[in-house]
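Chains A and B, in that order, give the protein sequences.
Quick note on my numbering: the first sequence kicks off at 34 and runs consecutively.
Quick note on my numbering: the second sequence kicks off at 142 and runs consecutively.
No wet-lab data here; the hints were simulated from the structure.
The structure presented is a predicted model; accordingly, all values stated were derived computationally and were not measured.
A portion of the hints provided could be inaccurate.
Straight line, CA to CA, 27 Å or less: simulated DSS-like cross-link-like pairs of lysine-lysine [to be verified]:
| no. | chain 1 | residue 1 | chain 2 | residue 2 |
| --- | --- | --- | --- | --- |
| 1 | B | Lys151 | A | Lys332 |
| 2 | B | Lys237 | B | Lys151 |
| 3 | A | Lys399 | A | Lys281 |
| 4 | A | Lys399 | A | Lys293 |
| 5 | B | Lys237 | A | Lys332 |
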Amino acid sequence: MSLRRIEEADPALGAFLTCDPGRVLERAERVDRDVKERPLPLAGVPVAVKDNICTRGLRTTCGSRMLEQYVPPYSATAIERLEAAGAVVVGKVNCDEFAMGSSTENSALQVTRNPYDLDRVPGGSSGGSAVAVAAGMAALALGSETGGSVRQPASFCNVVGLKPTYGRISRYGLVAFASSLDCIAPLGNSPRDIALLLGRIAGRDPLDSTSAPAPVPDYVAELDRPPGRLRLGVPKEYFGQGLDPEVKAAVEAGIRNAGKLGCDVVEVSLPHTRFAIADYYIIAPAEASSNLARYDGVKYGFRAEAPEDLMDMYRRTRTLGFGPEVRRRIMIGTYALSSGYYDAYYGRAMKVRTLIRRDYERAFEKVDALLGPVSPTAAFRIGEKASDPLSMYLSDIYTVTANLAGIPAVSVPCGFTAGGLPIGMQILGNLFQELPLLRLAQAYIREFPVAPPPLRV
Amino acid sequence: MSITREEVLKMAELARLEFSEEELDGFTAQFQGILDYIEQLRQVDVEGVEPTSHVSLSADFDPRMFREDEARESLPVEEALGGAPDPAAGHFRVPKVL
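With the sequences and hints as input, model every part of the structure.
Here it is as structure tokens:
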């Protein structure tokens, strides 16, 4: 089913970088045999995997020339766990290079298109993951978030995306971008599907010292309990300048609907929100400049031809192997960490990060969850922001704060623009509160489903 | 703060990257634009605020994050070298250093 849909739709969409039908069928047959012997909760479920998550024996490119031919000798813990539950990885899907971007246009390998308008971006960096689910090429997908990279494409493509609490899912085998922010994050057609996947892959992993030991609830069994009378906060800073009027109207209607589920809605303030992008674009590049030092042409991946000496090999390998956005972020990060500037940039950014965390801590003393837009606009045109990195960065204004604070947030579809583009609303919760978020999201989608216009493929 | 071409070249040297003459002016201007934007953090009063380097170091996470230091089987040499651009005799070969 999934393979047939990929064959039919993906030539127009460009989500998949690697799909080996023989391997998929072999694996599916194996699951068919295994499920007769023992129950497998995800038996035969086709899952698309972002190409920055390692899959043993299956090419993992990170959307980069640097790793275009890289075949990992091991799988990420999340992959091991979902395969142990019977899921079938149908292929590896496109993303911005090393997950750096908000449109998937920074992939060095191919263009991915939005299934609701082929001239528009699917969002990013997990654009391929969102498209695979939106177009029915996979039932579920794994993406990753460092700063909104699952919620934003989910909102652009009319699917559900969950950014879990930092450490909820092991990062082992997720190619490192900014280690204090990176999370593996699931996408699906419903909160229920995501609950099913999350329950299998969450939890402590000895191979990731930052994975959280907190017990993993039975998300699926608990999902249909009524959410109860929740107090919902609406951060006033999420509705200011720059928010597209159509997105604003759809999210405001979504918030009114959430109130009809028997919740109290109150306004709250997150005063440091306006500094979040500046904070993120110091911290994430600083960590990236350190993490990406490993791509030196020695251990794996690309090496420039005929180097004169070691230094020449490093420089040319990295200059030719990395695309412009990755080089830009390595440069910003190098600057922010360099002697003389460390205190002014990285040191200060870590303190502002504390203030952003405190904003949320204060809000969650008063409310159970927060509601707001995911992105200031619906999907933009391919090429529209490609030459202006700062305008691309600003499209993440409502999402990066959850990554900086480590809290979970889920993006749910809440409407369409007059032009037929999906709009998403996000629900943010306190640390490890994935279950109440998914429960509220499930109740919301059940009561207020959005009828989508037909897909373009 | 304004950044010069020379500073960009110095950062490139530290980051092991190269920029051609043609790229350099455009890149310097873009870099300046981003620096101007992130400068706004100077407006925030951070007096007495503790830095957050990592959220899992906060009280909501378990500090007992380290596993026992036990020897375990690791990746076989052949597999570890499987993705290397120039493996030789069980090692990573690189151009002459000295």
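- request: Mind checking the alpha carbons of Lys237 of chain B and Lys151 of chain B for me, to see if they're no more than 27 Å apart?
  value: holds, 24 Å
message: So if I understand the rule, the pair passes when the alpha-carbon distance is 27 Å or less; does Lys399 of chain A with Lys293 of chain A pass?
response: Holds, because 20 Å separates the two Cα atoms, which is no more than 27 Å.
- prompt: Within a Cα-Cα threshold of 27 Å, do Lys237 of chain B and Lys332 of chain A meet the stated pairing?
  reply: holds, 16 Å
- prompt: When you check the alpha-carbon spacing of Lys151 of chain B and Lys332 of chain A, does it fall within 27 Å?
  reply: holds, 26 Å
- request: Quickly compare the C-alpha distance for Lys399 of chain A and Lys281 of chain A to 27 Å and report which way the hint goes.
  value: holds, 24 Å
Of the numbered hints stated above, none is contradicted by the structure.
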